[in-house]
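Protein chains in written order, with this note's numbering: chain A, 1 to 154; chain B, 1001 to 1444; chain C, 2001 to 2444.
Everything labelled a hint here was simulated from the structure, so no lab data went into it. One thing to keep in mind: the hints can contain errors.
[Unchecked claim] With a straight-line Cα cutoff of 25 angstroms, these simulated DSS-like cross-link-like pairs (lysine-lysine) come out:
#1 C:K2440 x B:K1388
#2 C:K2317 x A:K92
#3 A:K58 x C:K2311
#4 C:K2156 x C:K2207
#5 B:K1440 x C:K2032
#6 B:K1440 x C:K2440
#7 A:K92 x C:K2311
#8 C:K2207 x B:K1346
#9 C:K2282 x C:K2103
#10 A:K41 x C:K2317
#11 C:K2438 x B:K1438
#12 C:K2311 x B:K1440
#13 B:K1125 x B:K1274
#14 B:K1438 x C:K2440
#15 A:K115 x B:K1440
#16 C:K2388 x B:K1438
These numbers were taken from a predicted model, which means no experiment stands behind them.
The residues making up each chain are set out below.
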Amino acid sequence: MLSGLNSFTVFLCCCIGIFIGLCSYTFYYANGASYLSNDPKACVNCHIMREQYDGWQKASHHAVATCNDCHIPHELVPKYFTKLKNGFWHSKGFTLQDFDEPIRIQPENRIILQKNCLYCHGEFMSLIATHPGNDRQILDCIHCHSNVGHGPAR
Amino acid sequence: KNVTQRKEEAKQHVFRVVEVTEDTIDPVTWGKNYPRQYDGYRRTVDTERTRHGGSDAFNKLDDDPLWREIFKGYAFGVDYREDRGHAYMLSDQDISERIKIVKQPGACLHCHSSTLPAYREAGIKAGIPADEAHRQEQIMKGFEIICAMPYDEARKLVSYPVSCVDCHDPETMQLRATRPAFLNAIRTLASSDYPVPHLPSIERWRKDGRKGEYDVNTMATRQEMRSFVCGQCHVEYYFKGEGKLLTYPWNKGMGVDQIEDYYDEVGFKDWTHKSTGAQILKAQHPEFETWSQGIHARSGVACADCHMPYKREGAIKISDHHVRSPLLNISNACQTCHHFNESELKARVELIQNRTRSLMIRAEEAIVALIHDLRHSRESGVPDEQLKEAQALHRKAQWRLDFVAAENAMGFHAPQEAARILGEAIDYARQGQLQALKLKTAAH
Amino acid sequence: KNVTQRKEEAKQHVFRVVEVTEDTIDPVTWGKNYPRQYDGYRRTVDTERTRHGGSDAFNKLDDDPLWREIFKGYAFGVDYREDRGHAYMLSDQDISERIKIVKQPGACLHCHSSTLPAYREAGIKAGIPADEAHRQEQIMKGFEIICAMPYDEARKLVSYPVSCVDCHDPETMQLRATRPAFLNAIRTLASSDYPVPHLPSIERWRKDGRKGEYDVNTMATRQEMRSFVCGQCHVEYYFKGEGKLLTYPWNKGMGVDQIEDYYDEVGFKDWTHKSTGAQILKAQHPEFETWSQGIHARSGVACADCHMPYKREGAIKISDHHVRSPLLNISNACQTCHHFNESELKARVELIQNRTRSLMIRAEEAIVALIHDLRHSRESGVPDEQLKEAQALHRKAQWRLDFVAAENAMGFHAPQEAARILGEAIDYARQGQLQALKLKTAAH
Ligand SMILES: [Ca+2]
Ligand SMILES: [Ca+2]
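The task is simple: from the sequences and hints, build the whole structure.
Written as structure tokens, this is what we have:
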């Protein structure tokens, strides 16, 4: 029984090791370091982001906002935390190909997104309370403006 | 305008010039704090027509005289007009022949005026303690009392059409539902088993075990409130019992069939049709119910999204309080969600409306034919006893036709459902004719 | 799979292993170049049911026996099944009782097999020069000849169900329309005045002064082609004249009313109803026509968007050649455009389909009642002469019911239009009953 556990642990460690290895490889090969930069090309290194990248180039915010302006928090610590977290999930998804398509934005990331809209448009929206993160009170920008980032999905 | 000026505007907007309270009904006062919204609100006096809607109060009975037949024996057969902007709601009621030729109750005012202080006062007079803690009780009691009053008497207690305080909490400016009949009805709806996938707060309350009572003002989401404030008035209703208590018939659900079931069960009729003797139901502006059946509601699109869309005013974004036909304002009302050009969007709406109208005309003709046949049968001596089945079919058919006709979007709020209802109306009307014909044959 | 492999894949996918030409019908050969598409294509043998569709070829007449009455006197009253995957199209035709009990023409094969080489050969045999320059002429001539042949004879000339070459240019792999009846019909449609806002290339050709002839293969946009390749077969049709020339009745337009007008004008009927003597039209799979009335077509959404959506295989996106019900593949088929979850999207479709189905049942019952009444009238001696009007109403009603019933999406392709058509079907059927009843009465 003890040896059973041991071999399981070894097996688990191997798995984790291989997994980390794979992710690092992905990180290296898919120009992962650029993930930490602000250049939209960093995102499109991953062909899975191609559609959004192409869309962004034609969409209304092309000249005024990059991917990170909308998708990553503007405060320093949350910014790198989010990058790490998303970086991990995206690498995992990309490596294992275990994510559902079409890709849909996660609820937490949607809140970050809404806060970023307000980062730029807060004053314009100031007469209208927007409550990002509050399920009941939120006025969800994406309800009406889902196309601003990458143009219409259709 | 330059940048400085816009920045100034942006700062000023939250500044309150005057205090507003629960008792401030006059929109002019609120308008001092929120001049932009007030400007829009005032523009509801405008008159502009669209193909099937708009705000020109033309006479619907002249427009399509078949309706005089259909409404025979009822006040609607005498005066029935196209609705117009909120500014007119009280005066249009005052001048309607329907108020003059029939003794109407105070219940009529619930949706045509700013009634809260009147309700409250009446409640206090009737013995509810006058303190803040009993506010809601005062209102509910006063509502009962004023519903039962004769119209003329009740009319003296109110002086404004719908006002800011009817939709907004004066302190927080948050949306709220204030209308007693709606508060009662939405609670009843929540406790029914009727599926409401478009009303997430009700679905959640049900899933969480239906604890306590569903309270729209604390439980609804903001997006739901953007429809509920309209659902306070834009709904089918009846006056219940001797007390003329204004009631929305949602006990079994909000679909045309569920409402009919309810009326059948409580044995309600609006009037007895003069030509056929059938016990007819009158449908009235079931916009909220129809919207509920449509794809927009299901996708979380609220009344306010289309009828009070956001608009830019200088450096600030506000809700357009000029409540009106979205076809007069397609760019703000539709184009943020639908990236097609204006004429294309208009064409889409009109295609839907034309399909509805074409079936509606068919249903009108079928019902008028039935009325004609039934009258004949009666005149040729078939006893009313034997006509029951045909009269029941008349009731069913007309309820459905009227449900779509009285709804003010000519089918747009739920295109397929409107067509389905009209298909049923036609079926029942023609079946009624077959009945009548068989009886006539048998009688000879 | 890892990144390296996928970067490789992204490079490889255009590499051709074998040469394919106009004469390569066998999909196995094409499959060597495009194994992913071929894999999907082969999966059309799968069997899976949805609520109102799917690929299980159950017997529709057992499912709803009213249809035996409705089709009385016609081959459809004997054998009528749910359709299934493309892989079966040729064998399902072979085993259908409709082929066995009636002498069918070679025209049937146009949509059930890969016919191009057969057409070509027949054309050459009939004297069209055999060179490449006369390709299209050979095909059109051969089409005429094979249409007129007896089925059994023509059947020997073909051996595959729809294949790659029917939708793709073998050199460029671009989509193309190859089916003669479609090429004729779309040209006719273009030259009509029927509005086609959902087909921009036709609108453009008309606006540019209708110069020359509209040529679908050079003028249509890529997005239109993603529907036109399906419109080659998924359409209403009839066999014109003695030559049994397969024809799509679009001279006056593609709506249910325009097609009826056309048939009335040319005096066409599919058969004489056994019980009523009415001259009935049979509607067949008008998917393309119905889609044309819907909001998806109007928004530029093609058949292939839903029935052959893109799916990712490694680094590349390919079109899913497993053509099937989108309800078996909601994430790829719908969620790219609609950000709601799968069960919600399914519920939306089913709500639409249930509404359609409920009206359809009403229409079926009305028509069966009419058939019953008409038979009675005839049996009780009313001369056929006097029954004409009621028979005409039977024709009108059944044409409409069948148009919706034969369409395979249970209303989804154009929900409001389907309901409108059924509403009319009900109206005509009940009016027919009234006629019949009046005659019977008069006869007594
Ligand atoms: Ca109006
Ligand atoms: Ca099928």
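To see whether the hints hold, each was checked on the structure:
Between K2440 of chain C and K1388 of chain B the alpha-carbon distance is near 24 angstroms, which keeps this suggested pair within the 25 angstroms criterion. Taking the CA atoms of K2317 of chain C and K92 of chain A, the gap is near 20 angstroms; set against the 25 angstroms cutoff, the hint holds. Restraint check for K58 of chain A and K2311 of chain C: the C-alpha separation of about 23 angstroms stays at or below 25 angstroms, so the hint holds. Taken as a hint, the K2156 of chain C and K2207 of chain C pair is broken in the structure, with Cα atoms around 45 angstroms apart against an allowance of 25 angstroms.
Taken as a hint, the K1440 of chain B and K2032 of chain C pair is broken in the structure, with Cα atoms around 75 angstroms apart against an allowance of 25 angstroms. The straight-line distance between the Cα atoms of K1440 of chain B and K2440 of chain C is roughly 13 angstroms, inside the 25 angstroms bound, and the hint therefore holds. Distance restraint check for K92 of chain A and K2311 of chain C: the Cα-Cα separation of roughly 20 angstroms lies within the 25 angstroms cut-off, and the hinted pair is therefore satisfied. Under the criterion of a C-alpha separation no larger than 25 angstroms, the hint pairing K2207 of chain C with K1346 of chain B is consistent with the structure, at around 21 angstroms.
A threshold of 25 angstroms between alpha carbons decides the hint, and for K2282 of chain C with K2103 of chain C the separation of about 17 angstroms falls inside it, so the pair holds. Between K41 of chain A and K2317 of chain C the CA atoms are separated by roughly 21 angstroms; this keeps the pair inside 25 angstroms, and the hint holds. For the suggested pair K2438 of chain C and K1438 of chain B, the alpha carbons sit about 9 angstroms apart, so the restraint of at most 25 angstroms is met. Proposed proximity of K2311 of chain C and K1440 of chain B is contradicted: the alpha carbons are some 65 angstroms apart, above 25 angstroms.
For the suggested pair K1125 of chain B and K1274 of chain B, the alpha carbons sit about 42 angstroms apart, so the restraint of at most 25 angstroms is broken. Only pairs whose Cα atoms come within 25 angstroms are accepted, and K1438 of chain B paired with K2440 of chain C is accepted, the gap being roughly 11 angstroms. The suggested pairing of K115 of chain A with K1440 of chain B is violated, with an alpha-carbon distance near 73 angstroms, which exceeds 25 angstroms. Proximity of K2388 of chain C to K1438 of chain B is assessed by CA-CA distance (about 21 angstroms); at most 25 angstroms being required, the pair is judged to hold.
Going down the numbered hints, you'll see the structure goes against 4, 5, 12, 13, 15, while the others check out.
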